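Asker: Those sequence lines, one after another, are chains A and B.
When we follow this note's numbering, the leftmost residue of the first sequence carries the number 1114, and every step to the right adds one.
When we follow this note's numbering, the leftmost residue of the second sequence carries the number 6, and every step to the right adds one.
These are calculated hints, taken from the structure and not from any lab test.
Given the structure is predicted, the values throughout are model-derived calculations rather than measurements.
It is possible that part of the hints are untrue.
[To be verified] Straight-line alpha carbon distances no greater than 20 Å define the calculated SDA-like cross-link-like pairs of lysine to any residue that follow:
1. K47(B) - V1161(A)
2. K62(B) - P1154(A)
3. K47(B) - P1154(A)
4. K47(B) - E58(B)
5. K1168(A) - S104(B)
6. K1186(A) - P1154(A)
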Amino acid sequence: AQTVTQSQPEMSVQEAETVTLSCTYDTSESDYYLFWYKQPPSRQMILVIRQEAYKQQNATENRFSVNFQKAAKSFSLKISDSQLGDAAMYFCAYRSVEGSGNTPLVFGKGTRLSVIA
Amino acid sequence: EPEVTQTPSHQVTQMGQEVILRCVPISNHLYFYWYRQILGQKVEFLVSFYNNEISEKSEIFDDQFSVERPDGSNFTLKIRSTKLEDSAMYFCASSVGQSSLYEQYFGPGTRLTVT
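Start from the sequences and build out the full structure, keeping to the hints where you can.
Answerer: Set out below in structure tokens:
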């Protein structure tokens, strides 16, 4: 079974600075998807960024980018030019591409990010 | 932008009582999921649902749990006889397709407290 580990329960960053959230995972599969979800206080989780394991190029979405190290099974999220609205719980998640296709997400415990003005 | 909605936002119930958590997925989505998060722990998968059938379920999803799509819009999770350890945040999600390419859209969650 796959597992996802986020070793930083809490992080903080100064507004306009850069922060990196860590995520490692364990799997025996060669093809899969990795995700970062953001959950603002009292709001639903929204997808921030997605990475297909077969792609070597790291995904980027505006100020958000990932450092995907497949051999190390590491998938960190970098937030550049942090804004107050980035304050949220961030979840790293894994999804298999094998089986029926309707596969569930496997989540880490989350990292709570605070942004300091 | 369409959103997944969940009601109620907070449910308090006594141990042994039945609860029904409600979700309205995004209207053109065909795949539905329930996840839960016990306080301080990981978000865990419970069940996925497609075409009026359970597609996959986890070990957590035992006989006390059931899901239903009673009409064209609602997707419900029923816990038949709640236990203290069922206290958690329950998230509903939906996606338009089953492939891992398709994003799962999450609702805001229902906080279930069993006393």
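Asker: Taking each numbered hint in turn, which are not upheld by the structure, reported in ascending numerical order?
Answerer: 2, 4, 6
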